[in-house]
Amino acid sequence: MVTSAMKTNPQTDRKAFVTLRFAGDDLDPREISAILPVAPTRAHRKGEEFVAGEHAGKLLGRTGMWFLATDKLVPSDDLGDHLAFVRDLLYPALGDDRRIKKLRDILGRAHSRAHITCFWHGDAGETAPQIPGRFKSAIEPLAADIDTDFETVG
Amino acid sequence: MARSRARILWRNPGNPPDSVAGALGMEPRHFSRALHKIKAASDLSGADRVVIYSDGSVTDEQGEPLGNLRDED
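Here the protein sequences come in this chain order: F and C.
This note's numbering applies: residue 1 is where the first sequence begins, and numbers increase by one.
This note's numbering applies: residue 1001 is where the second sequence begins, and numbers increase by one.
For the record, the hints were derived by calculation from the structure and aren't laboratory data.
Just a sample of chain C residues kept apart from chain F, beta carbon distances all over 10 angstroms, derived: (1) Leu1009; (2) Trp1010; (3) Asn1012.
Derived list of chain C stretches under chain F, where covered just means 3 residues or more per stretch with a C-beta under 8 angstroms from a C-beta of chain F: (4) 1026-1033; (5) 1051-1064.
Beta carbons are placed, not taken as given, at the ideal position from N, Cα and C, and that holds for glycine.
Same shape as in the complex, but just chain C:
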């Protein structure tokens, strides 16, 4: 994934605030659903920390790519 110019929007455990969804131009419920699916498909729990970037990509704490929120309809 090309993430060279993407900036970090969120890097905490749990559910991000609606402002993160807004920064990505996503409706909050759609965003939450997409993040839930990415975490579950990566064998992570809701409480696990992930990093969300301004291009929609999501990585774990170590920077390993997990998916992209824009892929989750």
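The following block holds chain F by itself, in its conformation from the complex:
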């Protein structure tokens, strides 16, 4: 039996991670960064030039974007750990919804949306994880959709 405790390789072969993004044509990602104390993986305004990588070079922002991927931040192959990281980012303490309220205000003003994606590519015989109801409830105020990419390989 394979369990989440049986790690594959480190970060380069992480089998689970979560992304959180705030996107919209009028979004200024600096407003999101002023609320969430973590450096985004990618952030740009619509039409702004940014470096997408050594091979991709400079690209133009298709829309305003604040994007975070947890694979470099959470050393775990357990999707639950990555979801917990995002939840704790949004709610730094139990019942503290100040960040959520501020984010909701920004999204409303900037006509922008919140999105969450979950990546889990497990090994053959593993059971795909579930998104906990507690997590879904936590992000409800943001009206964020959740996109899952779950597969088993091998």
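Starting from the known structure of chain F, arrange chain C on it as the hints suggest.
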């Protein structure tokens, strides 16, 4: 991005087969993870169609560059 000699490996919605990862010399899970991140960072869903080239670059249906799979560790 210089893509003049790159050929198209994939231009469909959803997850490409492992053969596309193989053509790029990438381990399938690494490839899937990289593509997932590029799509998400481009405000696309997993079901959205993208074009993948033999140099690792990824564009949307209109040819607008989204990133390069080789940049995603």
